[in-house]
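Student: Residue-level listing of the chains:
Protein chains: 2
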Amino acid sequence: MAYELHHWPTLQGHGEFVRLALEAAGAPYIDVARGSELSGQGVPAMMRLLQDRKAVLPPFAPPFLKDGDLVIGQSAAILHHLAPQLKLVARSEQSRVWTQQIQLTIADVAAEAHDTHHPGGDHLSREEHPPEALRRAQAFCSERLPRYLKWFEHIVTHNPAGSRHLVAGKLSYADLSLFQLIEGLKYTFPKATASVLARTPAIVQLHDRVATLPRVAAYLRSERRLPFSEQGAFRCHPELDVQ
Amino acid sequence: MAYELHHWPTLQGHGEFVRLALEAAGAPYIDVARGSELSGQGVPAMMRLLQDRKAVLPPFAPPFLKDGDLVIGQSAAILHHLAPQLKLVARSEQSRVWTQQIQLTIADVAAEAHDTHHPGGDHLSREEHPPEALRRAQAFCSERLPRYLKWFEHIVTHNPAGSRHLVAGKLSYADLSLFQLIEGLKYTFPKATASVLARTPAIVQLHDRVATLPRVAAYLRSERRLPFSEQGAFRCHPELDVQ
Numbered sequence: 001m002a003y004e005l006h007h008w009p010t011l012q013g014h015g016e017f018v019r020l021a022l023e024a025a026g027a028p029y030i031d032v033a034r035g036s037e038l039s040g041q042g043v044p045a046m047m048r049l050l051q052d053r054k055a056v057l058p059p060f061a062p063p064f065l066k067d068g069d070l071v072i073g074q075s076a077a078i079l080h081h082l083a084p085q086l087k088l089v090a091r092s093e094q095s096r097v098w099t100q101q102i103q104l105t106i107a108d109v110a111a112e113a114h115d116t117h118h119p120g121g122d123h124l125s126r127e128e129h130p131p132e133a134l135r136r137a138q139a140f141c142s143e144r145l146p147r148y149l150k151w152f153e154h155i156v157t158h159n160p161a162g163s164r165h166l167v168a169g170k171l172s173y174a175d176l177s178l179f180q181l182i183e184g185l186k187y188t189f190p191k192a193t194a195s196v197l198a199r200t201p202a203i204v205q206l207h208d209r210v211a212t213l214p215r216v217a218a219y220l221r222s223e224r225r226l227p228f229s230e231q232g233a234f235r236c237h238p239e240l241d242v243q
Numbered sequence: 001m002a003y004e005l006h007h008w009p010t011l012q013g014h015g016e017f018v019r020l021a022l023e024a025a026g027a028p029y030i031d032v033a034r035g036s037e038l039s040g041q042g043v044p045a046m047m048r049l050l051q052d053r054k055a056v057l058p059p060f061a062p063p064f065l066k067d068g069d070l071v072i073g074q075s076a077a078i079l080h081h082l083a084p085q086l087k088l089v090a091r092s093e094q095s096r097v098w099t100q101q102i103q104l105t106i107a108d109v110a111a112e113a114h115d116t117h118h119p120g121g122d123h124l125s126r127e128e129h130p131p132e133a134l135r136r137a138q139a140f141c142s143e144r145l146p147r148y149l150k151w152f153e154h155i156v157t158h159n160p161a162g163s164r165h166l167v168a169g170k171l172s173y174a175d176l177s178l179f180q181l182i183e184g185l186k187y188t189f190p191k192a193t194a195s196v197l198a199r200t201p202a203i204v205q206l207h208d209r210v211a212t213l214p215r216v217a218a219y220l221r222s223e224r225r226l227p228f229s230e231q232g233a234f235r236c237h238p239e240l241d242v243q
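Those protein sequences? They're chains A and B, same order as listed. Sequential numbering of the first sequence, starting at 1, is according to full-length UniProt numbering. Sequential numbering of the second sequence, starting at 1, is according to full-length UniProt numbering.
These are calculated hints, taken from the structure and not from any lab test. No residue lacks a Cβ here, since even glycine has one placed at the ideal position from N, Cα and C. Any given hint could be a false lead.
[Stated by the list, open to error] A short, non-exhaustive set of chain A residues, derived as facing chain B with CB atoms under 7 Å:
1) F60
2) G73
3) A77
4) Q100
5) S222
[Said to hold, decoys possible] Here are a few chain B residues that sit away from chain A, every Cβ distance over 10 Å (derived from the structure):
6) Q41
7) P44
8) K54
9) R224
[As the list claims (entries may be wrong)] So these bits of chain A aren't anywhere near chain B, every CB distance computed over 12 Å:
10) P9
11) A55
12) A111
13) P131
14) P238
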């Protein structure tokens, strides 16, 4: 039975981490909110599940995944649940915990990058707070971004199974999510990100290898891959790109 | 063998979610960074682990837990790993995933409450951005806080095993974390939180029951419980408490 992925239809957001895993595994899935309302899909179908007053395990917000009777929200929880089925995590409990820890750290970076643009809250446009945003972007680009990317470089170069993957000797959802994180950072802060990546060659290689995996490459070329946009988790504001 | 909890010694932060679980289970643990440097503990012991250049699985930041040879960072990953050992999660895979999803949502609320005070980034004092902070606090108190607490009220009142717990018919780390979240929100936004809690009686009852569990009550009275402070995840700024 196909998985049902529920996420806002016009933005990548955190749903993209889940979508990439489903695509890389070649798993059958329906991207419900992007489907046709005539066939019972679209945003109304997503909202029905989200606002079901009798639901016992309702997710708080998209993205969420319907796997048979199970409905799961929070991208890190979805991936932790899905990964063994998709063979996108090594088998040992230690590897599963480590992969999850990396995913949660990737989510932290994405959240910090997002907040850089929206220090006054997501409901405000950026024109309302340029001085705050600039200060925060400076701190992110000069301190946090290098620190995070160096940590990823450290863990991939110290992987006992080799630096082709983040965890053990096989592709995991953490590799896919790191690819997505780097794509997002390059979109958001192209200069600052390029400057840091020049000093982290192993994660650049990992990113490039993920991009050429046949299923991932086919997905990235397809219309199923939404473009980055100013509504997503990663947004481009050149004036905040501080090298 | 005792668990080793590593976290900054003067603040609750995200380490408090882990500490509460260890305390509620009566598990033996060493709060390393709060120990004496003379006995090989203290902050230097934590930093040695954090900055170990040869580490294969280094956490990005505190809190992290050492469980034998395993070192785990990210409070949600720590709790997911620990909970079966501490008997603080129901056994089924569905319950484990659901408990994790609730924990991640609790972490989201804590992060949003924290960012309310620090829209310009954590390195700035609040005096540097009062207008942004006030706008963000208004949005949080009037929209996000009620929406989150109503979600918790919904899930506890719809628990098929009864509203004494969030998940299944037993105490889980999610119950303990919800207790901590409500404590933190009451400290941060006392008026706004009281106003919302007046309409969510089930989570108030759950909070109060957790506070009276013998081990939790003993812990809260002890010196092991750090007070809330202006360095922690929850900070008190009365001028931002918008009803």
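Student: Can we trust that P238 of chain A is non-interface, i.e. its beta-carbon lies farther than 12 Å from all of chain B?
Tutor: holds, 20 Å
Student: Checking the smallest CB distance to chain B, is P131 of chain A really beyond 12 Å?
Tutor: Violated, because the least Cβ-Cβ distance between P131 of chain A and chain B comes to about 9 Å, which does not exceed 12 Å.
Student: Tell me if the interface restraint on A77 of chain A is satisfied: Cβ within less than 7 Å of some Cβ in chain B.
Tutor: holds, 5 Å
Student: For the hint on G73 of chain A, does the least C-beta distance to chain B fall short of 7 Å?
Tutor: Result: holds, 5 Å to nearest chain B Cβ.
Student: Tell me if the interface restraint on S222 of chain A is satisfied: Cβ within less than 7 Å of some Cβ in chain B.
Tutor: violated, 30 Å
Student: A closest beta-carbon separation below 7 Å is what the hint needs, so does Q100 of chain A meet it against chain B?
Tutor: Because about 5 Å separates Q100 of chain A from the closest Cβ in chain B, which is inside the 7 Å limit, the hint holds.
Student: Any Cβ of chain A at or closer than 10 Å to Q41 of chain B, or is the non-interface label fine?
Tutor: holds, 24 Å
Student: For A55 of chain A, which was marked as not at the interface, is the minimum beta-carbon distance to chain B over 12 Å?
Tutor: At roughly 7 Å from the nearest Cβ of chain B, A55 of chain A sits no farther out than 12 Å, so the non-interface label is violated.
Student: Would you check whether F60 of chain A satisfies its interface hint, that is, whether its CB is within less than 7 Å of any CB in chain B?
Tutor: Holds, because the Cβ-Cβ distance from F60 of chain A to chain B comes to roughly 5 Å (cut-off 7 Å).
Student: So R224 of chain B supposedly isn't at the interface. Is its beta-carbon more than 10 Å from every beta-carbon in chain A?
Tutor: holds, 26 Å
Student: Going by Cβ atoms, does P44 of chain B stay more than 10 Å from chain A at every point?
Tutor: holds, 20 Å
Student: According to the definition I'm using, a residue is off the interface if its beta carbon is farther than 12 Å from all beta carbons of the partner; does A111 of chain A meet that for chain B?
Tutor: violated, 7 Å
Consistency with the previously given hints fails for numbers 5, 8, 11, 12 and 13, ordered from lowest to highest.
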